[in-house]
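S.K.: Protein sequences, first through last, are from chains A and B. Going by the working numbering, 168 is the number at position 168 of the first sequence; the sequence numbering is gapless. Going by the working numbering, 205 is the number at position 205 of the second sequence; the sequence numbering is gapless.
Don't take each hint at face value.
The list treats identical chains as interchangeable, and a pair is accepted whether it falls inside one copy or across any two copies.
To be verified - DSS-like mimics (lysine-lysine), calculated; alpha carbons at most 30 Å apart, straight line: (1) Lys244 to Lys445; (2) Lys58 to Lys445; (3) Lys266 to Lys340; (4) Lys58 to Lys244; (5) Lys340 to Lys439; (6) Lys344 to Lys58.
To be clear, the hints were calculated from the coordinates, so they are not data collected in a lab.
Number of protein chains: 2
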Amino acid sequence: MSHDALLAELISIVGERYVVTAAPDTAAFLTDHRGRYTGEALAVVKPASTAEVSGVVKACAAAGVAIVPQGGNTGLCGAATPVGPRPSIVLRLDRMNRIRAVSAAEETITVEAGCILADIQAAAARDGLLFPLSLGAEGSCQIGGNIATNAGGIAVLRYGNMRQLVLGLEVVLADGTVLGGLRRLRKDNSGYDLKQLFVGAEGTLGIVTAATLKLFPAIRSRSIAMMQIAGVADALTLFAQARKTFGERISSFEIIGSSYMDFVLKYVTGTVMPFAQPAPWYLLLEVGDSRPDAPLAADMEAFLGEIFEAGLVSDAVIGSSLAQEEAIWKLRHGVTGEFKLAGKTMSHDTSVPVAEQPAFVERVEAAVLAAYPDANVMMVGHIGDGNIHVVVLFPHERFATAEAFEAASDDVDVIIDDIAMDLGGSITAEHGVGYTYRKRLARTKNPDELLLMRGIKQMLDPNGLMNPGKIFLPAEPA
Amino acid sequence: MSHDALLAELISIVGERYVVTAAPDTAAFLTDHRGRYTGEALAVVKPASTAEVSGVVKACAAAGVAIVPQGGNTGLCGAATPVGPRPSIVLRLDRMNRIRAVSAAEETITVEAGCILADIQAAAARDGLLFPLSLGAEGSCQIGGNIATNAGGIAVLRYGNMRQLVLGLEVVLADGTVLGGLRRLRKDNSGYDLKQLFVGAEGTLGIVTAATLKLFPAIRSRSIAMMQIAGVADALTLFAQARKTFGERISSFEIIGSSYMDFVLKYVTGTVMPFAQPAPWYLLLEVGDSRPDAPLAADMEAFLGEIFEAGLVSDAVIGSSLAQEEAIWKLRHGVTGEFKLAGKTMSHDTSVPVAEQPAFVERVEAAVLAAYPDANVMMVGHIGDGNIHVVVLFPHERFATAEAFEAASDDVDVIIDDIAMDLGGSITAEHGVGYTYRKRLARTKNPDELLLMRGIKQMLDPNGLMNPGKIFLPAEPA
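Using the sequences provided together with the hints, build the complete structure.
M.R.: Rendered as C-alpha cells:
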C-alpha cells in the first residue's frame, strides 16, 4: 500500500480531521518533552475508540508503516517520539478520554488510555476514594503512557508503582487484535497474566487502550514534615524509626541534597528556605490516614521530638497549613524546565537496594568529581524506594560543542551505571528505557534477560511495527 | 540418552541419595494432595543448589525427559503431579530451604524456593516484620510453589496476592540457563519485567529457585469479629461501612454460608457455634494495625454497634482473647480433608467482580439446585476479593459409579463456569489451572488470550519439557 493510500484509509477510519499532516499542527507531537529529539511522521492519527485503534493498526500493518503511541508526551527518555528510518505514524489517544466507570463498592475505576492522570485522581476523589499514582506531570500525562512506562512517582512506597495498580487491561496487538482483558477481578489465576507483558513495555508490544485500576480509601488526615539531616545513612535510620511510629501510614519519604536545594531556591519561583541554616541533606516525610480523626499531627510532633533528642536531625518543620504543606512539597517537585536556566544537565534515574543508598551516593559523588572536578552533583529522590535521581550540572559554556557535551554525558553515564550495577541496581528506576537509555541498557543488562526480551518482542511484533527503535538497539546481524 | 544414562548423570549432579527411584520412597510425590491423580516418574530428584537444578534441567533436556517441579505438594488442581505419557522426573526443592537474607532496613527477605511458607513468616516476625501471605497449607507448602501458583489466601485484600509480594526472582529456564533476577529493587524499569512471566505459570515456563520478597510492618494490635447477616448484598454494604471506620486496617473479610457452617460444626473437631441461633450467612472481619496502642477493640465495638443499629447484622461476637480469635478463625479455615467424611464433593475456586457476588451466589444456588435438587450447595470465601468457593456436596452413595460422579461434576462445572464468565469472572481465582482445570480453561478462556499463552509457552519451552500436560490441553493438530 502506498503512503497516500494508507492516509486515505486512515481518514476513512478516524475521519479527516483526525489524520493530521500539516507541519504546524504535528510539530508538538514530533519532539520529545525534553526537546532532545525531533522525528518525522506520515501523520498524527487520533482514533476515538478501541475499534478505530484496531483499524489503524491493521491499516499500518498492511502498509508496513510503524506506529509510535503517544500519551501526554511528558516522558523523559524519548519513548513517544518517532526515531529512525522507518516510516511511521504517531498515534494519539487524546479522544479516548472517557472514565467508563467508577465502583465505590469494588474500589475500581475503568478508564480509557487518553485520560489525564489528574482527571482520574479527581474522579476517584469524587467517590471518596484515592487513585494513588502521583507524579510531577500528573496534570498532562495520560494513563496509557503511565501504564506503558510503569510510572512511579511519590507514592510508590505505600501503594506500589503503576503495575501494582492495574487490575485489567485492554490492548491492541501488532496485528490489530483487541486483547480484551478489561476484568475487574482481584484474583485471577486462569493462565498466564498477559497484562503484565504490556505494563512497562513502552508501546513496543502493543497499544494500551483502556484499563481497570485499583482504588484505595481516601486519605482524610495527614501530616507533612521536612527535616535537616547530616547524611543518607541517617535517612535510613530515620525511616526505620518512622516505620515504628507510623507503620503503613507513611505515604512518601523523599530526600533532597543541599546542592539541589540551592538550585531550587535559586531557580524555582516562589520557593522559600524553611530553615535558618542550610544542611547537607533534607528529608520530606508525608504520613496519611483514611480516618479523619487520626492524631497524625501530634504523632509527628512526638516523632520529631524523639529524633531530635537522638541527634538524628538538626532542625525540622511541620506543615501546619495547606499552604505550608504545598510550600514544602514545592521544594521537592519536578523542575525539569528550570534545569535549562541553570546550565547543561545530565539527568539520571537510578535505583539501588534501599540499604545501598549511602554507598551509592558517596561513590557517585566521588567518582563524578574525580572525573569532572567542576561538576555540580545534585541529588534528589525517593529514598523510600531506593531511587535517587542524580543530576550533574555544568555551566552553559562548559562544553565547546554539542559533541563534547554528549561525550562527557556518555562518560558520566558509564560512571554512574557501573556503580549502580555493582550495587545490584537499575539504570532506570521509573522513567523507562525509551530511546535515550537503550545504549545504556544494552551495556548493563544481563544478556540472558536481553535475549528473552528480544524473544518476547519478536513473538508479539514480528514485523517490528510497534514503536521501533525503542528499548532495543538494532539487532546485530545474525 | 537412555533413561539409565540420565539417572547416572543425575546421580553425578545431586548425589545418589537424592535421586530417589524406589517405589515406597517416591509414592508420596506421585499423588496429588487431593488424591485424584497418581503418576509415574523415572525418579524424584532433589538438588541442593541452583547450579544443581540447572544441571538437572540440562541433563533432562538432553535426554528429552520432562520435569515436574513440586513444592510442598499441597496444590488443589494436580499441577505438581506427573501426568500423561511423557517420561518425566519430579523435581523437589526441599533441600533448597535456606533463608538467604532478611533486611529490616529494606523490608525484604531473600529465600530459596524450598522454604516452607510458615518458616518465612517466622523469619520475618523475628525481625519485627510481616510476610503477609497466609493460607491453609502454610505449615507445609513451599514458597516456590506459592510463586508458581500465584498463591492467594486470606490477606490478599490488604497486601495483594503472591505476585505483588515478589521483588526479584531467580529462575532456571528450559535449557538450563539460570535467569538471575534476584534483585532487591522497589523500582526497576530497565526493560520488560521478566519475572512476571514465571509467577503463576505453574512451572510450565521454568523453575523458580529463589526469590526476594517484600516485607511489611508487623501487625501489633488487632481485632476479630464474626457477624450474622441475612445475605451477600448486606456483606458488601457492611464492607463499605467497615472501610469508613477502618480504612486500610482491614486485613481479612471472609464469608461463610450457613450450610458450610453446619458442615464445619459437624465434621471439624473442636469447633463451636458462637451464636445462639443460626443465620443465613456469617462474616469474619479482621482488622490490624502496626501500632501496638491502636484502639481497634473499641473501634470494633463501636462499628458493631452502628451496624446493629442499622439492622445489618442480627448478632455478632468479638474475639476477646487469643483463644477466642483462634476459635473464630477455625470456623473459616481449610477443611479439605473433612470433605471426604461428609460425602462426595465438587469444589470450585471462582472469582467475580466484588459487586457481582450477590448475583453470583443467587444464580449458582438456583442453577445447581435446578439440575441437582438433592445437592448441598456450600459457600465460603474471600468476599473482599470476589472469591467465593462453591463446594457442592452429595451423599457418598449418590452416584453409582465414578464415571457417573465425574459426569455430574463436569455438568456442575459448566453451570458454575457459565455464570462466572457471564459476570466477568474467572474459573480459577487462586488455585491455578494445573491438570484439573485445563478443560474448563480451554472452554472459557478468550481464544486470543489462549493463543498468546501458547506463544509464550512455545517460546520459553519449545520442546515441551517443563511440566507438560498442565494448563494447556494437548494442541490440536495444525
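S.K.: Take the hints in turn and mark each one as holding or not.
M.R.: Going down the list of hints, with the structure as the test:
1. For the identical chains of this complex, Lys244 and Lys445 are neighbours neither inside a copy (37 Å) nor across copies (46 Å), given an alpha-carbon limit of 30 Å.
2. Taking identical chains as interchangeable, the C-alpha atoms of Lys58 and Lys445 lie at most 30 Å apart only when they sit on different chains, with a minimum of 24 Å there against 33 Å within one chain.
3. In this homomeric assembly, Lys266 and Lys340 come within 30 Å of each other (Cα to Cα) only inside a single copy, at 13 Å, whereas the closest approach across copies is 75 Å.
4. For a Cα distance limit of 30 Å, the shortest separation of Lys58 from Lys244 qualifies neither inside one copy, at 55 Å, nor across copies, at 48 Å.
5. For the homomeric pair Lys340 and Lys439, the shortest alpha-carbon distance inside one copy (24 Å) is at most 30 Å, but the shortest distance between copies (60 Å) is not.
6. In this homomeric assembly, Lys344 and Lys58 never come within 30 Å of each other (Cα to Cα): the closest approach is 43 Å inside a single copy and 52 Å across copies.
When each numbered hint is compared with the structure, violations occur for hints 1, 4, 6.
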